[in-house]
Amino acid sequence: MGRSGDVPPGGRLVARILAVDDMPMHLDYLQEELTHLGHEVVTASDGQEALRMITAQAPDIVLLDLSMPGMDGLQVLQVLRKEEAYASLPVIMLTARKDYEDRIAGLGAGADDYITKPFHIGEVSARIKALLRIRDLQMGVLEREKTLAQLRGVGQTLVTLAHHLNDATQSISGIAQLANTDPDDPDLSEQLRQVAIRQTEKISAVLQALQQAVDSMEFNTADYAGEPDRVLDIESELRRRIDEIDSAQ
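Residue numbers for the sequence shown follow the numbering used here, so the first one is 3 and each next one is one higher.
Certain hints may be false.
Stated by the list, open to error - For lysine-lysine, the following BS3-like pairs were computed, each having C-alpha atoms within a straight-line distance of at most 25 Å: (1) Lys131 x Lys100; (2) Lys119 x Lys131; (3) Lys100 x Lys119.
Hints listed in this document are in silico derivations from the structure and should not be mistaken for laboratory results.
Required output: the full structure, derived from the provided sequences and hints.
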């Protein structure tokens, strides 16, 4: 069975729907009609069972009756909205009540939409589609934010690499200038040769770290001051390798 955002032949958005109602007749109707439209429908007959089904079945959307014995729809909503995992789970309240205050209570408790009984399955289907589209748009925004965070991480990684490359190349440039001061001094030449070797190894370590990152695309992450997202981090491994090179002199 398809999940939220899947579009089978005919262009219908397909979802796993949890229908919650203490009236078996209403559940049978919703299950039959929504299954006919291509959705997967699971049911619960009270609030406690609804919470168990949400955990076990991970529905894309919940059709929740307001008036049920024991834990009613408002109480179910209050529990859901306190849980981070279900804070944005789309919920449509279903009720025979037409009182304005009941609608306000349902929406205030966190319902995304509200339908009064008796309802037409066409209206239920249309509202389900609308909420699924909204949820898919929200998920798209989250994915784009994740991509932007990764790109910021790539930028921080490039800054780290550029820093170490700049240090090494400046050292090599200084070596070249010193070598010109007394090219016939064997002691100076040997010292400069050793420094050049170390700086060349540092450049090699930087290039290897970059190549490994590109090959595996598996980075550790770290927090940087002023950066709200965790970013790609090769600094620790690169710093360790450069320290090894420095300590070997």
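Now for the hints, and whether the structure bears them out:
The suggested pairing of lysine 131 with lysine 100 holds, with an alpha-carbon distance near 23 Å, which does not exceed 25 Å. Simply put, lysine 119 and lysine 131 have alpha-carbon atoms about 19 Å apart, close enough for the 25 Å limit, and the pair holds. A C-alpha spacing of about 9 Å is found between lysine 100 and lysine 119, which places the hinted pair at or below 25 Å, so the restraint holds.
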